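A.B. asks: Protein chains in written order, with our numbering: chain R, 16 to 153; chain C, 16 to 153.
Mixed in with the good hints there might be a few duds.
[What the hints assert, rightly or not] To give an idea of the chain C side of the interface with chain R (calculated C-beta under 7 Å), a few residues:
no.: 1; residue: Lys26
no.: 2; residue: Gly31
no.: 3; residue: Leu33
no.: 4; residue: Pro39
no.: 5; residue: Tyr50
no.: 6; residue: Tyr60
no.: 7; residue: Gly63
no.: 8; residue: Val77
no.: 9; residue: Ile92
no.: 10; residue: Ile93
[Said to hold, decoys possible] DSS-like cross-link-like pairs, simulated, lysine-lysine; straight-line CA separation at most 25 Å:
no.: 11; chain 1: R; residue 1: Lys118; chain 2: C; residue 2: Lys58
no.: 12; chain 1: C; residue 1: Lys59; chain 2: R; residue 2: Lys26
no.: 13; chain 1: R; residue 1: Lys128; chain 2: C; residue 2: Lys58
no.: 14; chain 1: C; residue 1: Lys59; chain 2: C; residue 2: Lys26
no.: 15; chain 1: R; residue 1: Lys27; chain 2: C; residue 2: Lys118
no.: 16; chain 1: C; residue 1: Lys129; chain 2: R; residue 2: Lys149
no.: 17; chain 1: C; residue 1: Lys26; chain 2: R; residue 2: Lys27
no.: 18; chain 1: R; residue 1: Lys129; chain 2: C; residue 2: Lys89
no.: 19; chain 1: C; residue 1: Lys27; chain 2: R; residue 2: Lys118
no.: 20; chain 1: R; residue 1: Lys129; chain 2: C; residue 2: Lys82
no.: 21; chain 1: C; residue 1: Lys129; chain 2: R; residue 2: Lys118
no.: 22; chain 1: R; residue 1: Lys101; chain 2: C; residue 2: Lys128
no.: 23; chain 1: C; residue 1: Lys129; chain 2: R; residue 2: Lys82
no.: 24; chain 1: C; residue 1: Lys26; chain 2: R; residue 2: Lys58
no.: 25; chain 1: C; residue 1: Lys26; chain 2: R; residue 2: Lys59
no.: 26; chain 1: C; residue 1: Lys129; chain 2: R; residue 2: Lys59
no.: 27; chain 1: C; residue 1: Lys27; chain 2: R; residue 2: Lys27
no.: 28; chain 1: C; residue 1: Lys118; chain 2: R; residue 2: Lys26
no.: 29; chain 1: R; residue 1: Lys128; chain 2: C; residue 2: Lys118
no.: 30; chain 1: C; residue 1: Lys27; chain 2: R; residue 2: Lys58
no.: 31; chain 1: C; residue 1: Lys128; chain 2: R; residue 2: Lys129
no.: 32; chain 1: R; residue 1: Lys82; chain 2: C; residue 2: Lys107
no.: 33; chain 1: C; residue 1: Lys101; chain 2: R; residue 2: Lys107
no.: 34; chain 1: R; residue 1: Lys26; chain 2: C; residue 2: Lys129
no.: 35; chain 1: R; residue 1: Lys101; chain 2: C; residue 2: Lys86
no.: 36; chain 1: R; residue 1: Lys129; chain 2: C; residue 2: Lys26
no.: 37; chain 1: C; residue 1: Lys82; chain 2: R; residue 2: Lys27
no.: 38; chain 1: C; residue 1: Lys82; chain 2: R; residue 2: Lys82
no.: 39; chain 1: C; residue 1: Lys89; chain 2: C; residue 2: Lys129
no.: 40; chain 1: C; residue 1: Lys82; chain 2: R; residue 2: Lys128
I should point out that these hints are in silico values taken from the structure, not numbers from a laboratory. Everything numeric in this text was worked out from a predicted model, so none of it was measured. Even glycine gets a Cβ: it sits at the ideal position worked out from N, Cα and C.
2 protein chains.
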Amino acid sequence: MHSHLFNFDAKKSEIGSLVAIQSPESIPFDIQRVYYIYGVDSKKYRRGFHAHRDLEQVLICVKGSLKVLVKTPKEEIIYSLSSPDKGLFIGKMIWREMFEFSKDAVLLVLASKKYDEGDYYREYSDFENAFFSKGNNL
Amino acid sequence: MHSHLFNFDAKKSEIGSLVAIQSPESIPFDIQRVYYIYGVDSKKYRRGFHAHRDLEQVLICVKGSLKVLVKTPKEEIIYSLSSPDKGLFIGKMIWREMFEFSKDAVLLVLASKKYDEGDYYREYSDFENAFFSKGNNL
Chain R
16 MHSHLFNFDA KKSEIGSLVA IQSPESIPFD IQRVYYIYGV DSKKYRRGFH AHRDLEQVLI
76 CVKGSLKVLV KTPKEEIIYS LSSPDKGLFI GKMIWREMFE FSKDAVLLVL ASKKYDEGDY
136 YREYSDFENA FFSKGNNL
Chain C
16 MHSHLFNFDA KKSEIGSLVA IQSPESIPFD IQRVYYIYGV DSKKYRRGFH AHRDLEQVLI
76 CVKGSLKVLV KTPKEEIIYS LSSPDKGLFI GKMIWREMFE FSKDAVLLVL ASKKYDEGDY
136 YREYSDFENA FFSKGNNL
């Protein structure tokens with residue numbers, strides 16, 4: 016499963032911190048879409064619940080904290096995100112769920128493709144079938 | 016001066032809010048660089064102090080609040096940003112300063128070009144000279 020945490024090089028000074036991201040220096044794809052999630056008022060809410068056929072993403076918790084479950088039929092990993100200078104790369108064919116958002120959490124996501132509903136698996140069973148039909152070397 | 020505030024279409028639900036941004040639907044340029052500023056611990060700090068020859072940007076205050084001064088030799092405007100669903104477009108040849116950051120502020124910036132030091136005016140007097148030499152219809 017192609018997911019991993021990595022560090023951004025934050026420029027820190029007395030007037031604050033700045034993280035700059037561009038391809039290919041800081042991330043492995045051109046940024047085609049940006050989205051951010053905020054205002055998740057309860058730790059009981061979970062979001063995500065999908066996988067992508069081809070799209071890759073980098074998730075950054077720019078404020079607060081949250082957890083991300085990444086999962087295939089073969090393995091699962093839970094990442095804790097709580098720092099603006101950490102990125103979580105999630106490759107294609109990986110199911111993801113985000114949870115335990117702190118009230119102040121802001122999750123920034125950079126994506127390698129524009130929105131395309133056909134790129135989503137929204138049912139885990141569909142993802143599982145596709146995962147095995149593509150071979151289990153993902 | 017080409018700067019203006021605009022609204023993003025936030026998808027709001029009980030599990031939180033999501034703003035998705037891609038060109039050309041939500042912003043007028045392809046995103047070549049993303050950066051974010053955080054941890055500005057005092058309202059006395061100002062940042063920015065530059066203009067760009069060609070680069071365009073959209074500034075989004077995804078958490079907290081801050082102000083942005085945009086300025087040419089002919090006019091100046093102060094924008095207050097305090098909402099993740101508001102974007103501030105800043106065109107080329109505009110001096111900008113960001114200030115009055117709340118302690119929790121996170122400023123997300125989407126840029127139309129990759130980093131190029133040659134695109135910056137870092138001295139106001141240089142910017143002013145260039146502004147007038149390019150004509151005053153900017």
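A.B. asks: Any of the earlier hints contradicted here, and which numbers?
C.D. replies: Numbers 1, 4, 7, 9, 10, 13, 14, 16, 17, 18, 20, 21, 23, 26, 27, 29, 32, 33, 35, 38, 39 and 40 - these are the hints that the structure violates, sorted from lowest upward.
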